[in-house]
Amino acid sequence: MKVILLQEVQKIGKKGEVKTVSDGYARNFLIPRGLAEEATEGTLKHSQSILQIRKDHQDKLQQKSQEKLDRLMKEFFTIYVKAGEGKKLYGSITNADIAQELEKALEEPVDKRCISLSTPIKEIGVYEVGVKFPGGVKGMLKIKIEKTP
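With the numbering used here applied, the sequence shown corresponds to residues 110 to 258, in that order.
Since no wrong hints were added, every one of them can be taken at face value.
Below, simulated DSSO-like cross-link-like pairs (lysine-lysine); rule was C-alpha separation at most 27 Å, straight line:
#1 Lys191 x Lys256
#2 Lys173 x Lys251
#3 Lys111 x Lys154
#4 Lys124 x Lys247
#5 Lys169 x Lys247
#6 Lys173 x Lys221
#7 Lys253 x Lys183
#8 Lys196 x Lys251
#9 Lys213 x Lys247
#10 Lys154 x Lys120
#11 Lys197 x Lys231
#12 Lys196 x Lys231
#13 Lys251 x Lys241
Keep in mind that the hints were calculated from the coordinates and are not lab data.
Make a model of the complete structure from these sequences and hints.
Next comes the structure, spelled out in structure tokens:
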């Protein structure tokens, strides 16, 4: 029996996909639990249109994220912080601090979870920071940490 998945089902597929499963599995498990519905001509057309809308949305999101990353990679970011003698900082630079700096450059919000730092930055220097925007767009940015003049 062909079914359209209404939710993600392990080992079967993701939401919106059309899958062929045994009649008993569909009637006794998937359909009663609201995990799937029987695939008819009308529901197949509806499902395909929803999948196309999702794909278009995902493509736009990925394109927008790529444009953001391209804009950021053209710039070199410098963050000024208070530091003691030598290279030690008072405190540390976290992904939230870097996200604030990127927000200033982009003039739009940047989620701190998009920034990947293995450990907080605690010394003056130049660092490469991983960035991952929605849509799976990844890149590396160079950030320079300097002592406040």
